[in-house]
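Those sequence lines, one after another, are chains A and B.
Sequential numbering of the first sequence, starting at 1, is according to this note's numbering.
Sequential numbering of the second sequence, starting at 74, is according to this note's numbering.
Treat the hints as calculated values from the structure; they're not laboratory data.
Glycine residues also receive a C-beta, built at the ideal position from the N, C-alpha and C atoms.
Just some of the chain A residues that point at chain B, by a computed CB distance under 10 Å:
(1) 33
(2) 38
(3) 47
(4) 49
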Amino acid sequence: MASHSESGITVHLDELLEQRRMTLTELADQVDITVVNLSVLKNGRARAVRFSTLAALCQALACHPGDLLTYET
Amino acid sequence: MTETSTSRATLFMTNAATLLLVAGIAFGVFILGSALDGAIRGGHELAVHQEVSADEVTSLPSTVDRPRTVPVTVHIEDARPNQVLVAFGRDLVAVTLVVAILWQLRLLLRSVRDGDPFTGANVRRLRAIGLLLVLGAPVAALVMQACDQWLASTATTGGLGFVKLSFPSGGPVAGLGVFVLAEVFAHGARLRADVEGTV
Numbered sequence: 001m002a003s004h005s006e007s008g009i010t011v012h013l014d015e016l017l018e019q020r021r022m023t024l025t026e027l028a029d030q031v032d033i034t035v036v037n038l039s040v041l042k043n044g045r046a047r048a049v050r051f052s053t054l055a056a057l058c059q060a061l062a063c064h065p066g067d068l069l070t071y072e073t
Numbered sequence: 074m075t076e077t078s079t080s081r082a083t084l085f086m087t088n089a090a091t092l093l094l095v096a097g098i099a100f101g102v103f104i105l106g107s108a109l110d111g112a113i114r115g116g117h118e119l120a121v122h123q124e125v126s127a128d129e130v131t132s133l134p135s136t137v138d139r140p141r142t143v144p145v146t147v148h149i150e151d152a153r154p155n156q157v158l159v160a161f162g163r164d165l166v167a168v169t170l171v172v173a174i175l176w177q178l179r180l181l182l183r184s185v186r187d188g189d190p191f192t193g194a195n196v197r198r199l200r201a202i203g204l205l206l207v208l209g210a211p212v213a214a215l216v217m218q219a220c221d222q223w224l225a226s227t228a229t230t231g232g233l234g235f236v237k238l239s240f241p242s243g244g245p246v247a248g249l250g251v252f253v254l255a256e257v258f259a260h261g262a263r264l265r266a267d268v269e270g271t272v
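Given these sequences and hints, build the entire structure.
Printed below as a string of structure tokens:
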């Protein structure tokens, strides 16, 4: 299920992980980001995302930034 | 706190500090100009501050002015109850102010010790200290001066002329500095919040 933050940005990490049949821990190992930080992102509690993090996630999930993040009013 | 109200507070502090700086520079320029004027034209009066023993005060040359005020100590023996109450009340005012400031400082230092100083709570503590200095210190000083004058007037006869109340400026200036520090901490707290939520 996608998580919606106060800023209006929706993170679709859960959906992408399910589609790729990947766990959060496996993704954390691939992108060299802690599970805690990935949980912060997954649950919509992140205030900012570094480009390096976004690029690493897109590479690991074989997706585009628009697949991972969407903006909804 | 919203971004808009925080920016207004910072702007106010910046303008107040700028005003004081300009006033200080202007006064310095005035002093320099007066000194140069006196050096060039002559006839300028100078005051050199020295210290002499009280025994020599009455025998000073005519070109040396006696001090306008001399510190004295009025001893009250066998004080009446109201005198005792006023004396202790006077001391209590000073102690209360110091304790209030120290209390906030202690809580602030504990957060530093715990490795988490840039919080909204510390911003509020610093603003409280600033308020205590800007408002509390002058009020406390005036109250204490008034108490001292009343105590001395009740203990002396013969028309001793005690110095009138004076307004202490050290507290407000220090309080302004603490308010500036509070705004720095507020900015640090915002930066910390941003960093914490960054992945």
